[in-house]
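**Student:** These protein sequences, in sequence, are chains A and B. Our numbering puts the first residue of the first sequence at 1, with every later residue one more than the last. Our numbering puts the first residue of the second sequence at 1, with every later residue one more than the last.
Simulated from the structure, these hints should not be mistaken for laboratory data. Possibly wrong hints are sitting among the right ones.
DSSO-like mimics (lysine-lysine), calculated; alpha carbons at most 30 Å apart, straight line [as the list claims (entries may be wrong)]:
| id | chain 1 | residue 1 | chain 2 | residue 2 |
| --- | --- | --- | --- | --- |
| 1 | B | K196 | A | K74 |
| 2 | B | K10 | A | K40 |
| 3 | A | K65 | B | K80 |
Keep in mind it's a predicted model, so treat the numbers as computed, not measured.
The primary structure of each chain is shown beneath.
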Amino acid sequence: MTKILAADDSVSIRQMVSHTLKDAGYDVETANDGSDALKKAQATKFDVVISDVNMPIMGGLELVKALRGNPQYKFTPILMLTTETSAEKKQQGKAAGATGWLVKPFNPDTLLKTLKRVI
Amino acid sequence: MALDMNQLRKMFFEECRENLEVLETELLGIQPENVDPETINTIFRAAHSIKGGAATFNLLDISEFTHAMEAYLDEVRNEKLSLTSHSVDVLLRGGDCIKEMLVGHENDAPVDPELRSTVTNELKKLLESDTDSSSTESAPVEDSATVVDQNAPRVGWHVNFLPHQDLFFSGNDPLRIIGELLEIDASAEVVCDSSKLPPLAGFEAELCYLSWQVNLDGMIEEDAIKEIFEWVEDQCDLHITPQYGDLESAQTDTATAAEPEAVVEKTVSTEPQPMAESASVTKVAEKTPEKATAEDKPQRAAKADSSVSSIRVDIDKVDNLINLVGELVITQSMLTEIGNDFSNDKIGKLKSGLDQLLQNTKELQENVLNIRMLPMSFAFSRFPRLVRDLSSRLEKQVNLVISGEHTELDKTVLERIVDPLVHLVRNGIDHGLELPDVRTESGKDPMGTISLNAYHQGGAIVIEVKDDGAGIDCDRLWNKAMEKGVVSSDMRREEMTDKQVLNLIFAPGFSTANEVSDISGRGVGMDVVRRNIEELGGHIEVESAVGVGSSFTISLPLTLAILDGQLVKVAGEVYVIPLITIVESIQIDTQCVKLASGGIELYRLREENIPILRLHEEFGLGESGSLDGRLLCLVEAAGNRIGLLLDELLGQQQVVIKSLESNYTKVSGISGATILGDGSVSLILDIQGLITAFKRRQADGSSGGIAA
């Protein structure tokens, strides 16, 4: 089963992402922020990582950089789930090593569709 | 498992409140001239989360409004604009607006649009120099560019896709992209160009050397193709060209595949980005109205159970509980083992097992109660804002000192103590603290101090509200009380101690303010404060010194589920008196008993006459007989003292309160029941109720009054 790690500091968004993915039959783990996600990603190998950009302690961009530095996650799809739509932010995400982005407002169908693009 | 939107929505509301609190707390702590970038980040994040969540849950008014705040904060974060005390004010009011909108969504209550538009305008003004960034996202931009070539007879698309070598490092995969193209057009023609593959010796497995030519059906929208390449557009050379008219060009396309460089040089398209983006925004905007109405309905239906409140519990507390339950199960199985095959020589084991059970039960009880415990900061956190607003309105300088905010208190008690605390703090600033020049004149620091402190004392929590203001002048208070008829005209000032006079401020209908201001004195007096506190089983005391300040001390039980009780015996029945109400217990010396008019027995104890209430008669348990040498338990409620005549004092113990009202019916003089160790039911005395009933009887029967 495809293992997905979803990081977001908002409980409601986290729950929603996790419900949606579980409903669709994925194996999901969630993290409260970047550093939590990094810890979890180091413990288990995930097939896809979905992360918010703005989070306390460790933000999404830092998380991507850290994950890309780990040989296990060199090629793993990492999607940014964000409200930031500016080209500049997306560019920053890209530069950090993100695979793609999902623009909030979060929509379950879009999430699943986007996810299909990477697995 | 279906997505429970209502549940999630509720969670979002809760979360949003937390974010608002963060926003407010951080903003209040800011000194505009010296702002820590991390603070701005925290504030930005709070606003950002509110916006994101609100958009997700289709609360578009909130997300749009918050967007303006976020846009401004973003500029501050990027050091393009700097915070001023004015902008902090605007942001604080913005937080208020969001709060109002939240409540509006929860209760279907209309929101004052005026406040919202004022704040929005002010935010716009703050952003003046940089307004354009706020409009790009929320307003759907209709893009006409996509329509341009729709009229032309297009027979196909020619897509030339040359990934950069490092494409894999972003987690993207060209094969997935090709796969997606095949999904929108199953008959697409795909040609792979492997001419760039190096000889095996120089081959690096992690790099991408291939490129592709894909010919797609002309009926497909260009945007659909661009969307597929959206993520990799800057990691590849991409060229999408429409093919018109005849078949020839399509064939030449396949021919050019051999020399891809030529095509690349001609056209490296960077266009798709903005177009694809606006397209996706439009889609979202189209969807929202119908979705909003669809989701509003269940929300409204769920309104009825909005009173069902939830509590967020620290995971450590839950872990602890689980551990304890585990222990309990072990102890239980140990005891079962002993019981299965019991003989007298196992009595020692049984005893130690029972001890363990006792220990487990105790800890479990404590931990379960602990779940409902929240730190005082939940109540205290609103005060910085309150003080800030009040001090500027009253032109007073106030320094708020908060301590003990980590002290934990039962959620219900905490929620119900907030209003009384707000009242006390308001009073302290409005009536207590003097204006800065008055303070300077009397040699004080022009800045007054209000302190809030909470700490545990025994089984209770004590909350203090102190000010270093003018203090309460007892003589003036007395005159005022006479004027308002709060004390009967035959009372004399000398008969009362200063403390008793001070207690008059808790009398109904008494206000110390000369004028009713919009801040205090709106009819909710200190009597309500005291009543609220006493309903929680607590009490309040006041101390004050002229020129030095006043101090209110509130004692509250930690929880409403359990109380520390004194077991007493009256005519063979065991009753429980809440320990917190007991002042002292004395053996009656008949020489101190006097008979007042109306047949009331008064006990003279250190300058004070305390009426005696014979519980035997009160509860119809027979005659109580002579007072000589009997026990008198002195209890106090609402500043009134009374002596309860008892037969015997038993032990003190914590009792679990069971409601009599919900299981039987309300009984006057009894606040509840509990079950004792031997299984018998014992009634818990309602001291306040007993005193009130006693006073009422007395007022009916004679003109004399209880000396308060």
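**Student:** Would you mind confirming whether the straight-line C-alpha gap from K196 of chain B to K74 of chain A stays at or under 30 Å?
**Tutor:** 23 Å, holds
**Student:** Please verify whether K10 of chain B and K40 of chain A have alpha carbons no more than 30 Å apart.
**Tutor:** Given pair K10 of chain B, K40 of chain A holds - Cα atoms ~28 Å apart, limit 30 Å.
**Student:** Measure nothing beyond the straight line between the CA atoms of K65 of chain A and K80 of chain B; if it is 30 Å or shorter, mark the hint as holding.
**Tutor:** 27 Å, holds
Checked against the numbered hints listed earlier, the structure breaks none of them; every hint is satisfied.
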